[in-house]
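Full structure from sequences and hints, please.
First to last, the sequence lines map onto chains B and C. Sequential numbering from 1 applies to the first sequence in our numbering. Sequential numbering from 1001 applies to the second sequence in our numbering.
Hints are computed from structural coordinates only; laboratory data are not their basis. Among the clues, some could well be false.
Said to hold, decoys possible - Partial list, derived from the structure: chain C residues whose beta carbon lies under 10 Å from chain B:
no., residue
1, LEU1079
2, PRO1145
3, ALA1249
The model shown is predicted, which means the values in this text are computed figures rather than measured ones. No residue lacks a Cβ here, since even glycine has one placed at the ideal position from N, Cα and C.
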Amino acid sequence: MTAVPAGRKRRAPASDKTKAERKLGLLLCAPAVIAMLLVTVYPILYAIALSVQKVDLRFPEESGFVGLQNYAAVLSSDLWWQGVFNTSLIAVVSVAIELVLGMGLALIMHKALFGRGLVRTAVLIPYGIVTVVAAFAWFFAFDPSSGFVNNLPFVPDGKAWFGEHNSSLAVIIMAEVWKTTPFMGLLLLAGLATIDEGLYEAAKVDGATAVQRFFKITLPLLKPALLVALLFRTLDAFRVFDSIFVMTRGSQDTESVSILGYNQLISRLNLGLGSAVSVLIFVLVLVIAFVFVRILGTSNPAGQGEK
Amino acid sequence: MSRQPADYLKWTVAITAVVFFALLPIVWIFSLSLKSPDTISDKSFIPKDVTLDNYTTLFEGGFDSPLLRPLINSVAIALIATVIAVTLASFTAYAIARLDFPGKSAILAGALAIAMFPQISVVGPLFDMWRALHLYDTYPGLIIPYLTFALPLAIYILVAFFREIPWELEQAAQVDGATPWQAFRKVILPLAAPGVFTAAILVFIFAWNDFIFAITLTSSDSSRTVPAALAFFQGESQFTAPTGNIAAAAVLVTIPIIIFVLIFQRRIVAGLTAGAVKG
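Structure follows, in structure tokens:
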């Protein structure tokens, strides 16, 4: 008989029971994993394959391998860089505004003496509403021929909001902020709920002002929740499509990268060039995610484990 | 801490402002939907004469009407995608929460990656694949991407909920003489149901909201959902903008969401934050 060291006993040859458990676990996960691979990983590989070919559904006979020509065409076009600039601008500005408003919203839902339920119900409506519907509501509100906005005091009567680049982008950003601030607010609220109230009491006893308490207690302790919310929202904002499609369809140089991809792929049926755009967007999103995860990882070294 | 009138005033102002801005576009589009063609361009926030014409014309002509078919498509596609996504996610979440097997964290990390995936990147290939597989402009053609992109959310919510379930109760019930099926049905199912339901609500909202797949993977009313149909609405003649009809259709698709929010708000909040905070 060989004695098995006590510490190793648990890892000793898998018994039938643990084998069966492993098998069951993998089996249960298989359908979801296969679905996710089929609809994301396979198409992305397919997009990479398309992006090095000339595939134009209007001229099918001209198809063939063209190497990196499509990428060269995209990267040397002003339209692409305008799209990257617009998308980044929309993402950065809307997420920055949402962060401030969302924080205010979270504080109201956390601390208000009354009416917290009312606020929560009200803000869930922008979250739940169809983005296209919200975009139409804002479009009609700013539309010079039917909108109430031009009727408001201090607004020039005939202002054509969608006739010019900056005002178009401003309305698009506003629609995005309206729609997604609740999400930010709810994530931050969940973060606030994890902070120990005793800390505030102690700080008060020590004479800290409300502002000091916010910056010295709330913000540092909220940092993990804040970064997660920022990551989700930044990447989500980077996909901006619906609002632009409804409001300007990309006119006045308001195209986002997603609109650009749509125009190439679906309107012009140029799958080769469009796929190059798709792959480049994918790479951009990967870079943004990577940067965030690095920041998250360094700020929260303990957070990688269990939960 | 003393609660002074000033505190109440401060909160009243803040709460009023939030509720006002949250509801402003909804009230506006509702008001717009009630305006007649004569007053649709009057730019007033409140309609001067109220008519339901914008609603009734949406359904004129039955299945050929502008809205009925897309509405049926939206409900059916979102419901089917929800049922499949939540079923698959329940299997996965059960395995991750309860069983010991290799690759758990890889699955969770992969799901997270897909949650952040830019949909536009797969639109082209799916468009091409679906045409070859005859899935273009069909229900499954939309259901498949919806359920896939909703899976990460559903898995994260369900894992968070399932980890809180006291599973030993199942064994306790069996010791007390319940059959495994009874133990599952009477003990585990009632405990798991809220989580499953929460995941279902959020998946449904996701599928109901989608626009990019709906306009790229469909070409006719046979499977076009409401958001896509709205974007392609035509006026009754070339010269009348269908503003009133779009507004009316917008109100109709918003009603289910408002009902959802009013009834299930606690679950929606719990579901939204379950994945993010614990993830």
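Here is how each hint holds up against the structure:
1. Below 10 Å, beta-carbon pairs count as interface contacts, and LEU1079(C) has none with chain B, the closest being about 16 Å; its hint is therefore violated.
2. Here the hint on PRO1145(C) is kept, as its CB sits about 6 Å from the closest CB of chain B, short of 10 Å.
3. About 8 Å separates the beta-carbon of ALA1249(C) from the nearest beta-carbon of chain B, less than 10 Å, and the hint is met.
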